[in-house]
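Just need the whole structure built from these sequences, with the hints factored in.
Sequences listed follow chains A and B, in order.
Per the working numbering, residue 169 is the first one in the first sequence, and the count goes up by one each step.
Per the working numbering, residue 5 is the first one in the second sequence, and the count goes up by one each step.
Hints were generated in silico from the structure; no laboratory data involved.
Here the structure is a predicted model, which is why all the values come from computation and not from measurement.
Where is the CB? At the ideal position from N, CA and C, for every residue including glycine.
There may be inaccurate statements among the hints.
Stated by the list, open to error - What follows is a list of derived Cβ distance ranges for each label pair:
| id | chain 1 | residue 1 | chain 2 | residue 2 | range |
| --- | --- | --- | --- | --- | --- |
| 1 | B | Glu20 | A | Gln262 | 14 to 24 Å |
| 2 | B | Glu20 | A | Gly322 | 49 to 59 Å |
| 3 | A | Gly173 | B | Arg135 | 46 to 56 Å |
| 4 | A | Gln262 | B | Ala74 | 45 to 55 Å |
| 5 | B | Arg135 | A | Ala430 | 41 to 51 Å |
| 6 | A | Gln262 | B | Ser43 | 24 to 34 Å |
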Amino acid sequence: MRSGGGALAAVSAGVYLFLYAPILVLVAFSFNAGRLTAAWTGFTLDWYARAAQDPQILAALRNSLKVAVTATAIATAVGTAAAVAFHRWRFRRQPALDTLVTLPIVVPEIVMASSLLLLFAALRLRLGFLTVILAHVGFSVSYAVVVVRARLAGFDRSLEEAAADLGATPLRAFFRVTLPLIAPGVLAAALLVFSLSIDDYVITSFVAGVGSTTLPIQIYSMVKSGVSPEINAVSTLLLVATSLLLWAASRLERGRRGWGTAVPVGAALAVLGAPFLLGRGPAGGERVLNLYIWSAYISPETLAKFERRQGARVNVDLYDSNEALMAKVQAGNAGYDVICPSNYVVQILQKQSLLRALDHSAVPHLPNVDPRFLDRDFDPGNRYSVPYFWGTTGIGYDKTKTGPVDSWGALWDPRFRGRILMLDDGREALGAALKWKGFSLNATDPASVRAAEQLLIVQKPLVRTYNSSSFEDILLSRDVWLAQGWNGQFAKIMGIDPRLDYVVPREGSGLFIDSLAIPAGAPHPELAHAFIDFTLEADIAAEICRTMGYSTPNRAAMPLLPESMRRNPAIFPPGDVLARTETIQDVGEATLLYDRAWTEVKTSR
Amino acid sequence: MPGEVVLRGLRKAFGEVVAVRDVSLEVRPGEFLTLLGPSGCGKTTLLRLLAGFESPDAGQVLISGRDVTALPPHRRPVNTVFQHYALFPHLTVAGNVAFGLEMRRRGRAEIAERVAKALEMVRLGGLGERRPAQLSGGQQQRVALARALVLAPEVLLLDEPMAALDLKLRQEMRVEVKNLQERLGVTFVFVTHDQDEALVMSDRIAVMNQGRIEQVGPPEQLYERPRTRFVADFLAVRNLLQATVVSIDGGRAQLRTRGGAAFSAADDGGYRPGEMVWVGVRPERIRLEEGGDNASPPQLSGENRLAGKLEDKIYLGDRTDWRVRVGDETLTVAEPAGPARVRSGGQSVTVSFPGEAVLRLDSEGSEPP
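Listed below in structure tokens is the structure:
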């Protein structure tokens, strides 16, 4: 018996460790002095201070809390009412209704997200707080119903009858007897809804609009530039606040009041309320620009300059993928004035008449742009877009482990078995194979795509992992020695670790140009033009490049950049490199070929 | 009159099942009336119609002369003691008792005073701050009583309040509840399936069967003179026999069962020669003698003597039930505890009972279960 108990304790400990170890790591790394999550480099509170000063993180946190609190209140009230109704009355179509109520739990989130987006578009609801809150209530109310019903299952109906018998009206009976008794269930439902709301990403990313970027969207959108430890700090604070609330709730449930309960509640509210007090943006004039852009693509300082100059306010919302951007713009009710699509997305949106033609007379600084980035095939004559950042796909590697690398072939070198990382992106991974064998990134003939597919299948045993979101961290930690990836992220880690290098292989590679454009339905087109022209000014373009670390296409800005940046081959590759690149384009019906090939690769053994 | 309950033609069905059929009943002010019957007979539904938890498909409920048929429970001048007490687990004992007064928006001082008094009344003074879960079953029941009575209802409804108590406590509570009712003079409508409880406590008993009231009367009357086979059976008239009336003479009806057993009954004026009747004999009215040769023809005396064979014995402590085969019938004979008698199965015996012990039962009414 004794040894059995010991084994049980060990297993339990193991399970808890498995559950909580990631959280402990997150908390620990929020105090890590190093920027990257690869290694512990010393204790600091710096990230907390920075989070407290970052207006975008604070705004996202505020938004998340507003949405979560409102959605929790509504969904819990509605869910409780529905659960009580289900419990109290038996009606004819109840089994069907039962199924309907629980359906949102099993419907894939992405399906719910796109249908909500269509619904809101059909109702002509402007995307924003209202739509986010409605969506969150919509998907979480089922959970609330299920949780409260579970509690009601053990509820003695005769207690309500006793209350009525003693003279309580149905409403008073509910609040004096039923509610106190199912309170633990209602509280559990509220906590569940709150946590579902606060960490929902998929649905929110579809239905969020101007000024309603939540924390998860903020975090995901940072993926492109690497998730910063500030997020660990914010997450730790959220964790502390919710733990305190849970603790207080469990005390309340046991009927304990007083300081022991009030103090944790107060502390939790203080933590949760802090973002509402800190770093509130300027109240701003009545003119507003709604900017929808990749994370870490523009700094608050730059935006502040624009706001001062125009006497306007800029709302910044973030996305993490071109797909999210397209969904939002195609829904047609997002209300954005300026967006930042990648090359082929400009093409797609323009074909669907979703972009507004630029008035070139309102962007007089356009000639500042390097002609190499103008008049590209995705937007001839730059009628709809203006280049903002550009970059290349290449290989980041540890030159002390691999020696010099200049070919895609290095990613197929058996000496580096288990030390190779490929982007988790079909077009990019297949593109590496296509380029290595001398094909176009945009090859549409089945034979070429098939050949690339075979190459990736052959390569698979050498590959440690497919990853597009933190490839630079994985390289920095030396889990891999060679990583396919984008230049901006590699440039950052090369500044930390001089043994790392970046190369655009000699066979050529992909070029991306992220451009600013104005959606067809933009409410403030005049201010949008002013903003685009603002970013083209030499000193502003230089500032954007300096603060964000991506390659600027602005020729006039180059002399204003520090020497170290200009000479960094990962940021500004030599001229001949650019000549070897091509942009990934919309391949039309061949998209299916690429999707199939990529599925074959990912599922092959 | 305050405390009077009048039910007129009440009917309640749940889907296909008719729980209460055309029940009419009058309960006098200050009366202790018991609804007695087996489970499923409709007694609890009838009580719930009174309390307002169910609304009738037809008929009327009048309380204190007022038609309350359409009133919801919280507006009826009645209070209920529930089967499992339905005490609010999140409130203290005092909180439970105060609940109804709070709903009536009484002043704080008045509530405190009346709660204290009510708890004293049920001998729970000093336990006001406990939670219901910290009390014994008997104490919980007293809280339920206090909670209902503190509102000074005109009628108190009790739904099998003793069912959850053990036998000893139940017997104590019977007396206590009865005394309380007499002291307060409140009309009690009490539901039970326990005939002893009904007999001990009630002023009148209404026996229910299949949604109908079969017989209403004081306990003695019901016990002495059950009208139907169902009531007789429910009130422990164990020997129910079907017999033909052979003749009537001298105030005696001569009866013969199909199996040939012949006996006489005191004629109550309801026997008709040649008719088939149901009769009943209480087991404790039958005596048992050793030997089967003492039988004598019934016409010679008022005492019936029948020869039979002992089948088996059920020992019950304060009495023993003997099962005796008489012709085609099996009779149950209850013998009070006394000097141990050694009898064995198959032994010949004689059973005897006076003609006055034979109860004529109406052929109408429902079948016994």
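Hint check:
| no. | hint | verdict |
| --- | --- | --- |
| 1 | B:Glu20 / A:Gln262: 14 to 24 Å | 19 Å, holds |
| 2 | B:Glu20 / A:Gly322: 49 to 59 Å | 30 Å, violated |
| 3 | A:Gly173 / B:Arg135: 46 to 56 Å | 34 Å, violated |
| 4 | A:Gln262 / B:Ala74: 45 to 55 Å | 27 Å, violated |
| 5 | B:Arg135 / A:Ala430: 41 to 51 Å | 23 Å, violated |
| 6 | A:Gln262 / B:Ser43: 24 to 34 Å | 27 Å, holds |
In this structure, the earlier hints numbered 2, 3, 4, 5 are contradicted, and the remaining ones agree with it.
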